[in-house]
Amino acid sequence: MCTETLKFECETGNYHTFCPISCVAWLYQKISDSFFLVIGTKTCGYFLQNALGVMIFAEPRYAMAELEEGDISAQLHDFDELKRLCFQIHQDRNPSVIVWIGTCTTEIIKMDLEGMAPKIEQMIGCPIIVARANGLDYAFTQGEDTVLAAIAHRCPEKKQITAQQDLVLFGSLPNIVAEQLTTELANQGIHVSGWLPEARYEELPELGPGVYVCGVHPFLSRTATTLMRRRKCQLIGAPFPIGPDGTRAWIEKICHVFQIQPQNLEQRENYIWQSLQPYISLIQGRSVFFMGDNLLEICLARFLVRCGMIVYEIGIPYMDKRFQASELKLLEKTCQQMNVPMPRIVEKPDNYNQVQRIRALQPDLVITGLAHSNPLEARGITTKWSVEFTFAQIHGFTNARDILELVTRPLRRNNHLKDLGWSQLVASQT
Amino acid sequence: MKLAYWMYAGPAHIGTLRVASSFKNVHAIMHAPLGDDYFNVMRSMLERERDFTPVTASIVDRYVLARGSQEKVVENITRKNQEQKPDLIVLTPTCTSSILQEDLQNFISRAQGGPEDADILLADVNHYRVNEFQAADRTLEQILRFYVKSNLPKTEKPSANIIGIFTLGFHHQHDCREIFRLLKDLNIQINLIIPEGCAVTDLNKLTQAWINIVPYREIGLMAAKFLEKEFQMPYISTTPMGLVDTASWITKICQKTNCQSNYKKYIDHQTRFVSQAAWFSRSIDCQNLTGKKALVFGDATHAAGITKILVREMGINVSCAGTYCQHDGDWFREQVQGFCDQVLITDDHTRVGNMIAEIEPAAIFGTQMERHVGKRLDIPCGVISAPIHIQNFPLSYRPFLGYEGANQIADLVYNSFTLGMEDHLLEIFGGHDVKTVITKNLSTDQNLIWDPSAIDELQKIPGFVRNRIKRNTEKFARSQKTDLITLEVMYAAKEALAN
Chain L
1 MCTETLKFEC
11 ETGNYHTFCP
21 ISCVAWLYQK
31 ISDSFFLVIG
41 TKTCGYFLQN
51 ALGVMIFAEP
61 RYAMAELEEG
71 DISAQLHDFD
81 ELKRLCFQIH
91 QDRNPSVIVW
101 IGTCTTEIIK
111 MDLEGMAPKI
121 EQMIGCPIIV
131 ARANGLDYAF
141 TQGEDTVLAA
151 IAHRCPEKKQ
161 ITAQQDLVLF
171 GSLPNIVAEQ
181 LTTELANQGI
191 HVSGWLPEAR
201 YEELPELGPG
211 VYVCGVHPFL
221 SRTATTLMRR
231 RKCQLIGAPF
241 PIGPDGTRAW
251 IEKICHVFQI
261 QPQNLEQREN
271 YIWQSLQPYI
281 SLIQGRSVFF
291 MGDNLLEICL
301 ARFLVRCGMI
311 VYEIGIPYMD
321 KRFQASELKL
331 LEKTCQQMNV
341 PMPRIVEKPD
351 NYNQVQRIRA
361 LQPDLVITGL
371 AHSNPLEARG
381 ITTKWSVEFT
391 FAQIHGFTNA
401 RDILELVTRP
411 LRRNNHLKDL
421 GWSQLVASQT
Chain E
1 MKLAYWMYAG
11 PAHIGTLRVA
21 SSFKNVHAIM
31 HAPLGDDYFN
41 VMRSMLERER
51 DFTPVTASIV
61 DRYVLARGSQ
71 EKVVENITRK
81 NQEQKPDLIV
91 LTPTCTSSIL
101 QEDLQNFISR
111 AQGGPEDADI
121 LLADVNHYRV
131 NEFQAADRTL
141 EQILRFYVKS
151 NLPKTEKPSA
161 NIIGIFTLGF
171 HHQHDCREIF
181 RLLKDLNIQI
191 NLIIPEGCAV
201 TDLNKLTQAW
211 INIVPYREIG
221 LMAAKFLEKE
231 FQMPYISTTP
241 MGLVDTASWI
251 TKICQKTNCQ
261 SNYKKYIDHQ
271 TRFVSQAAWF
281 SRSIDCQNLT
291 GKKALVFGDA
301 THAAGITKIL
311 VREMGINVSC
321 AGTYCQHDGD
331 WFREQVQGFC
341 DQVLITDDHT
351 RVGNMIAEIE
361 PAAIFGTQME
371 RHVGKRLDIP
381 CGVISAPIHI
391 QNFPLSYRPF
401 LGYEGANQIA
411 DLVYNSFTLG
421 MEDHLLEIFG
431 GHDVKTVITK
441 NLSTDQNLIW
451 DPSAIDELQK
461 IPGFVRNRIK
471 RNTEKFARSQ
481 KTDLITLEVM
491 YAAKEALAN
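Just so you know, the sequences run in chain order L and E.
Per full-length UniProt numbering, the first sequence starts with residue 1, numbered consecutively.
Per full-length UniProt numbering, the second sequence starts with residue 1, numbered consecutively.
Simulated from the structure, these hints should not be mistaken for laboratory data.
It should be emphasised that the depicted structure is a prediction, and the values quoted were computed from it without experimental measurement.
Do not rely on the hints blindly, as some may be mistaken.
Claimed, not checked - In silico EDC-like links for lysine to aspartate or glutamate, alpha-carbon gap of 16 Å or less:
1. 158(L) to 206(L)
2. 110(L) to 360(E)
3. 2(E) to 78(L)
4. 2(E) to 405(L)
5. 253(L) to 266(L)
6. 494(E) to 457(E)
7. 119(L) to 81(L)
8. 2(E) to 266(L)
9. 110(L) to 78(L)
10. 384(L) to 405(L)
11. 24(E) to 51(E)
12. 24(E) to 119(E)
13. 205(E) to 156(E)
14. 2(E) to 66(L)
15. 321(L) to 9(L)
16. 2(E) to 81(L)
17. 264(E) to 185(E)
18. 154(E) to 228(E)
19. 2(E) to 348(E)
20. 2(E) to 68(L)
21. 481(E) to 457(E)
Stated by the list, open to error - Here chain E is said to cover these stretches of chain L; the calculated rule only asks that three of the stretch's residues, wherever they fall, bring their Cβ under 8 Å from a Cβ of chain E:
22. 37–49
23. 65–74
24. 77–88
We treat Cβ as the ideally placed atom computed from N, Cα and C, and that holds for glycine.
Turn these sequences into a full structure, and let the hints steer you where they fit.
Printed below as a string of structure tokens:
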């Protein structure tokens, strides 16, 4: 029995990740009556158009307000400029809400987006929400956190206290996955009174004192804080419903808060584990290294440990030990149960150092961003592209298979190609 | 402020990074916030690069905003010196860092280490005035200016430098191989290819060459002009794209190098017998393309080159030729003058899209954006220029330049038009697909209702013209402020168009 505890480290922060403005990609699809306006430069636009690939061609409900030299040097009046663009968007698209995404540039030139939004909102008669999802402060998925924290202010106030206890879940999920989680809770007799966000802006859930809230993503710490401090909701701190173990722990925690004895949960979990067996036999005893870029790392690592893998390192952009407390506890417990060494958790990792460690450790699988995938593969190190975990459906009992489908894909590919003798594809360097 | 959905040319720092990371053993340090190192993803994915992209970000965060980034930048430079021992470090500002107005040049002088350490340069580009291409052009010149100091004796035999072969360039690797082959045939040695795969420590050898060759005018011209001015090296900026321009390119090279070989005979032999493109343009296949309407859009080099090929070498009618290289608009206009009905110089993709919708050409030759417009309008498109997707980085040999390039372009053009004879037969026999109405159109206006009888009528129209008729009918209905399309409206539309 292993008795160590988790070790936390912090490196230089020289790591690769997506800019948090990428959250518009999934949020504009989730909130179907919204329009996202990213106020930034050509650099932001270039990132969005390349990172989101072909989506740009389907008349997306997002656009850049591209800052030009005149905007930077304050020769143009930013209020008039934004008013003009928002009028145009309102006229052309008629959205129920316009979300302004503030970027690094608006931060540095100190554009007062929060001050201008209410005035322009009044003039055009369409709500304007401001989220500062910039690369100065945040990484990748934290973009969603800033947007949801801003939207939380706009949820209607809970008016009457109902006999039933209210539960609002927060975190953007594809509608089908949200439905699956809602049903899992309904099976335990728990009614989900709303989601933040809903599929339409106009259907935002009511919030207020007495409303319980629970997160489904590990990167939503600001949203959680906003819901507690500003909307006086009660936060249920639980592990996240990723993997059958996580999903069960998540449901159990909610049941515990509502004083309900969970029914059939253990059977349900075991049944899912059984169905995963073919995948698990592929990864059992293998080692994995998370370079870290999307904050899903802790819960994915916990799930993979439970699947029998050994985690060497969990790189993570930002570690909120309070919001992730239950998840970290579950990780620790899982490591002890599976009798594997505790992984080191590296906040703000340094990619260069990580590559040196990967060379030394030779893990069976590295979960990393696209900047490092091909170079590592060429050196005979198997990789899985981490961004896929953000876009795939990975929550709940039903989707645990999808996680393992992703994790095992490179290993299955290796099994097919293993006898060909060309896994090292760079000229040997000493 | 400008409402923008899409852009043709990237931001300035991308150009600088493309130059820096094309050289061997040059490291770029970006002064940028988290997430701006997306260049590494593009290089690793699009080029399927096996090596780690030699670009690191020196992250600008809150702490840096408060304290200044001097320590961090200096530390990152010293660190890279130790870790990778590069010959040159290019400090690359981004749009964010350039508004911080820190004295980066000063950081560099502080970071400048001993003689065994790397040279350090600050990329000198204005992020709000120049785009990717201009910045790359500028950075390349800046690096040459730094390293090329003296005029060396010329090589014994005629030799040339190729300037402007890059990472993430449109078919650059293939073009480079093709130029190499051509020059070898002409007994001209390659002195240096820059920047791709070249070490900066070799740059002083540049002046050994007799001439400089700049295949693409977007990037490399500034460097060539610098070498001409300082070291009296002649340069050739013709692009050897298509048979005619390849011939004139060879002629110019041979004249400038006093080439002894009989290049006229070589050109004639290559054109008529080795390359298939000349014969193709005389074959009856190509006859069917005569007078067909096409639209061309891309960077200045490729759009001008393809326009001339279509018109001069294939007899196709280019209704509109355009480029997004606005800074080079005059050159472009001059090049395509007399080859097309109208010239479009814009970097607004919606203007290009509207132009396509208006002209309804039989084929488009453009960037990935035009390909998608073509998909929605059911018009075939051949991709001839950046911006491009991963499928435009083919593994097989696909040059656009030289004689093999002429073959590739002929294939591309021929396959883009609905195949000549097939088109003909479809017209005679009324088409083979009469199943469904496709609701693709460019407009967001979805509130037009088609009466069932009108839909039936639409189904009877052969597939290959159905979409055009549907669009025209809807256009007409909108102009008549009606939103129900009945048989009457359809017929009225047909009449209105006939007049």
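To see whether the hints hold, each was checked on the structure:
Pair hint residue 158(L) plus residue 206(L) holds up; C-alpha atoms about 5 Å apart against a cutoff of 16 Å. Note on residue 110(L) and residue 360(E): the hinted pairing is violated, with a Cα-Cα distance of about 46 Å set against a maximum of 16 Å. The suggested pairing of residue 2(E) with residue 78(L) holds, with an alpha-carbon distance near 11 Å, which does not exceed 16 Å. At most 16 Å may separate the alpha-carbon atoms for a hinted pair to count; residue 2(E) and residue 405(L) exceed this at roughly 43 Å.
Restraint check: the Cα-Cα separation between residue 253(L) and residue 266(L) comes to about 14 Å, which is no more than 16 Å; the hinted pair holds. Annotation: proposed proximity of residue 494(E) to residue 457(E) holds, straight-line Cα distance about 13 Å (limit 16 Å). Taking the CA atoms of residue 119(L) and residue 81(L), the gap is about 13 Å. The hint holds against a cut of 16 Å. With a CA separation close to 56 Å, the supplied pair residue 2(E) and residue 266(L) exceeds the 16 Å bound.
For the suggested pair residue 110(L) and residue 78(L), the alpha carbons sit about 11 Å apart, so the restraint of at most 16 Å is met. For the suggested pair residue 384(L) and residue 405(L), the alpha carbons sit about 11 Å apart, so the restraint of at most 16 Å is met. Proposed proximity of residue 24(E) and residue 51(E) is supported: the alpha carbons are some 12 Å apart, at most 16 Å. A C-alpha spacing of about 14 Å is found between residue 24(E) and residue 119(E), which places the hinted pair at or below 16 Å, so the restraint holds.
Simply put, residue 205(E) and residue 156(E) have alpha-carbon atoms about 14 Å apart, close enough for the 16 Å limit, and the pair holds. Using a Cα cut-off of 16 Å, the hinted pair residue 2(E) and residue 66(L) holds, with the two alpha carbons roughly 5 Å apart. Annotation: proposed proximity of residue 321(L) to residue 9(L) holds, straight-line Cα distance about 13 Å (limit 16 Å). Among the hinted pairs, residue 2(E) with residue 81(L) is consistent with the structure: their alpha-carbon atoms are about 8 Å apart, no more than 16 Å.
At roughly 13 Å between alpha-carbon atoms, residue 264(E) and residue 185(E) fall within 16 Å of each other, so this suggested pair holds. This hinted pair checks out: residue 154(E) and residue 228(E) have alpha carbons roughly 14 Å apart, not beyond 16 Å. Annotation: proposed proximity of residue 2(E) to residue 348(E) holds, straight-line Cα distance about 11 Å (limit 16 Å). Under the criterion of a C-alpha separation no larger than 16 Å, the hint pairing residue 2(E) with residue 68(L) is consistent with the structure, at around 8 Å.
The suggested pairing of residue 481(E) with residue 457(E) is violated, with an alpha-carbon distance near 22 Å, which exceeds 16 Å. Counting residues of the region 37–49 of chain L whose C-beta lies closer than 8 Å to any C-beta of chain E gives 8; at least three are required, and the coverage claim holds. Residue count for the region 65–74 of chain L with a Cβ under 8 Å from a Cβ of chain E: 7. That meets the three needed, and the coverage hint holds. Residues of the region 77–88 of chain L lying with their CB closer than 8 Å to a CB of chain E number 6, which satisfies the three-residue condition for coverage.
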